[in-house]
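> Single-letter residue listing:
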Amino acid sequence: MNKDALMSFLSSLVVLAVGLLIGFVILLVSNASSAWEAFRTILTFGFRGIRNVGDVLLGATPIIMTGLSVAFAFKTGLFNIGATGQFAFGGLVAILVGHNFEGLPNGLRIILALLAATAAGAAWGAIPGLLKAFRNVHEVISCIMTNYIGMFLVTFLVDRYAFNPAIGRSQALPEGSNLPTLGFQYIFREEFLPGFYRSSQVNVGILIAIFTAILMYIILEKTTFGYELKACGFNKDAAKYAGINQNRSIVASMMIAGGLAGLGGALLYTSGTETMSAANVLLPYGFTGISVAFLGLSNPIGIIFSGTLVSYLFLGGARTQVLGFSIEVVEIVISVIIYFCAFVFLVKTFLGKHIGRLLRRGKSPEQDRADKGGESA
Amino acid sequence: MRNITKEFPGIIANDCVTLQLKKGEIHALLGENGAGKSTLMSVLFGLYRQEAGEIYKNGESVQIQGPNDANRLGIGMVHQHFKLVHNFTVLENIVLGVETTKSGVLQMKEARDKVLSLSKKYAFDIDIDKEVRHISVGMQQRVEILKMLYRDNEILIFDEPTAVLTPQEIEALMQTMRDMAAEGKSILFITHKLDEIKLVADRCSVLRKGKMIGTVDVAATTKEEMSEMMVGRKVILSLDKNEATVGETILQVRNLSRRGNESKSGKAQLSNINFDVKAGEILCIAGIEGNGQTDLVYALTGLSDIDSGTIILNGTDISKAKIRKRTEAGISHIPEDRHRHGLVLDYTLAYNTVLQTYYTPRFQAKGFLKMKTILDYARKLIERFDIRSGQGEVTSTRAMSGGNQQKVILAREIDRDPQLLIAVQPTRGLDVGAIEYIHSQLLAQRDSGKAVLLISLELEEVMNVSDRILVMYEGEFVADVNPKDVTFQELGLYMSGAKRSEVAV
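These protein sequence lines map, in sequence, to chains A and B.
So the first sequence is numbered by the numbering used here: it starts at 14 and just counts up by one.
So the second sequence is numbered by the numbering used here: it starts at 41 and just counts up by one.
Hints were generated in silico from the structure; no laboratory data involved.
Hints are not guaranteed to be accurate.
Straight-line alpha carbon distances no greater than 30 Å define the calculated DSBU-like cross-link-like pairs of lysine-lysine that follow [claimed, not checked]: (1) A:235 to B:365; (2) A:249 to B:406; (3) A:235 to B:412; (4) A:253 to B:318; (5) B:123 to B:249.
Ranges between beta-carbon positions, derived for each pair [said to hold, decoys possible]: (6) B:146 to A:366: 38 to 46 Å; (7) B:426 to A:366: 25 to 33 Å; (8) A:366 to B:329: 33 to 41 Å; (9) A:235 to B:541: 52 to 60 Å; (10) A:295 to B:146: 51 to 59 Å; (11) B:416 to A:200: 42 to 50 Å; (12) A:23 to B:56: 31 to 39 Å.
For clarity, every value in this text was computed on a predicted model and none was experimentally measured.
Virtual Cβ for every residue (Gly too), placed ideally from N, Cα, C.
Given only the sequences and the hints, what does the whole structure look like? Please build it.
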């Protein structure tokens, strides 16, 4: 592992540890007697039994996708705070496709649902992209607006076309419109009575998310398209100097980011576990995606791991309700942990300085200068 | 200052440096870029703390924790980039930080008298009630000097004070420095210009790569000897230049105009610019910073639009063409700000060498970058242009020194085999060795029949390198001269707008 990757990994661990520590303090304040038990639950529940491992992967799928969405835009110097709206819009389109097109075979219908959701997310992402490129409207402002427009639009359309009054949410999809589980239910299960099993509903979605992350890595690192996008993100003046069409890059980047989030929405709502709320709430997945992207240092491969980790914490956190912790406290704890993750760049810089100095102790100045390659004072 | 050592991550900026300053002397501190001159002075002024070593004043060891300590000890500094509040008057700037107050109310009368008398003593001719943003750069420097004098500083540090001045202003500054030294003040003068040292300094200390090479008596040392101390090898100070063989016209600019931003003065940034650049010549556009040179370059390279006029490259009208079209038509551009336009600092050296060509079939196939070809190409350029870096072609460009960063740009732009090479201040902030190299490369381009357009603020560069000089003042050309028929002083007068001649196209 090279030095930079090591620093990234170390700094992620450090922020996580600090976050956990403060989370523990909050647990102590809330209920001292079972705080330690709750803390242990948060840290270990995801590994208690193979079924829980499956649930961690299931929970990781949508937030890996929104994490990738935020990270992709970030590589082009854009802050996609609109992943939530793109996610909701994509999820909605997947639900609508799932309920209709009965004439299509199941496999084709699912593929159509995923593609349509990706396109819908991309269209939703294109709005702030176009506004930024041609009207110089800051993407954060227009993303917040598209989030709310998306939210109301989703409520309206769920209500009209897929409403289940019994639960006040969208109608569950017919079995054939859900993602295939590829036999995962026989792996990620636990025997709660002899001969009776409870299975995790983890499905092909997690594989799609991992595949997407790898694809994104290739696009960013190996193609001329990625070269242009990153050049715009790192230094837009130099990109202009090199004749790179910035407006095109901005729109393309926001569309791809939107598409990723839209696909994430589809993967959630076609997993057979979630239905869409018809109340006006902003979905948390887009915002969690920001934390996931930060924690993964915007590296697609890193995001696979950070998404899984955040999902792991959520699962354990939810479990502490059994110990009498209210869901609000649990959410505060998890949020604090994620909040600290935002400091990861700061810690990385700090570590880079101080560990760098420790490492240099062993070396002579001449050697060190040779490593640095000329001076730059 | 004895045995000062200052470390930064990855580099020792000052390695056991000892420097002695006498009362009433002008002491020059000479060194290449990155030699540690500014760091040493920043330690003295309290901006950095040294890791080892001591500072003595009048034989006593002193601790300097910050600029306030330095001030108390009578140490003042004129920074390269002035530290002035632009919407304050000259007087307000001078007293800022040491205001006299009576129960919280400013007492400016005393300050005014003192500043006026100081200004008179050194013949500064400065209106102390003008806002700083309305006075010239040379005047702003005088404000900085007055700041030090007002605080009764005895040790005055000047960090490259002549970089922004016209020849006339430089002369005045030199006189002021001599006057102040005669008053018994001690002056430390950071520079890499040997002529100025010869002109004004008593002694000269030379730093190289953070180490003190030695202190010499200026009168008894030649320029060649000093530059050798600085660079560590023999340097050819004057360029070996043969006559230009001028060919056909490559670039033709006619009636080029561009209005200024309305938020500014509304005055034209470029008005009615006409000129040609021919194959095999180096045409230099001289002028003081901010007189439209940047706008002209932006207009030629397509970084900004023009209002009227035509730009013709090799017979093709490119007035409206996009940046990439112009690049492909044969314009190479070494930009003024290498960090802003020239490089993507977070990219590797190799990635930066293909910034203009990454999309060509040579470096990509079906949308995928040909990594191996790019790395091989970067290695070739590294060898040919002697680019030094820590990890070769995969070095992060940010980690490279300024001179080597500039070489990356130079290599990239020259290797594209352009028709017209536009070089904007290509040697700014570089040391003698790098300057020498870049000048020789520009000449080599000229001799191979390219048209070279050089935009420079450095008079020495203008006189040495160019075959023809156009002087720009407030968005217009005010002189068209041959470097052989013009003196430094004359050029200075043109540049400051005091003189103008007919400019024939």
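> Any hints from earlier that this structure breaks? Give me their numbers in increasing order, please.
none
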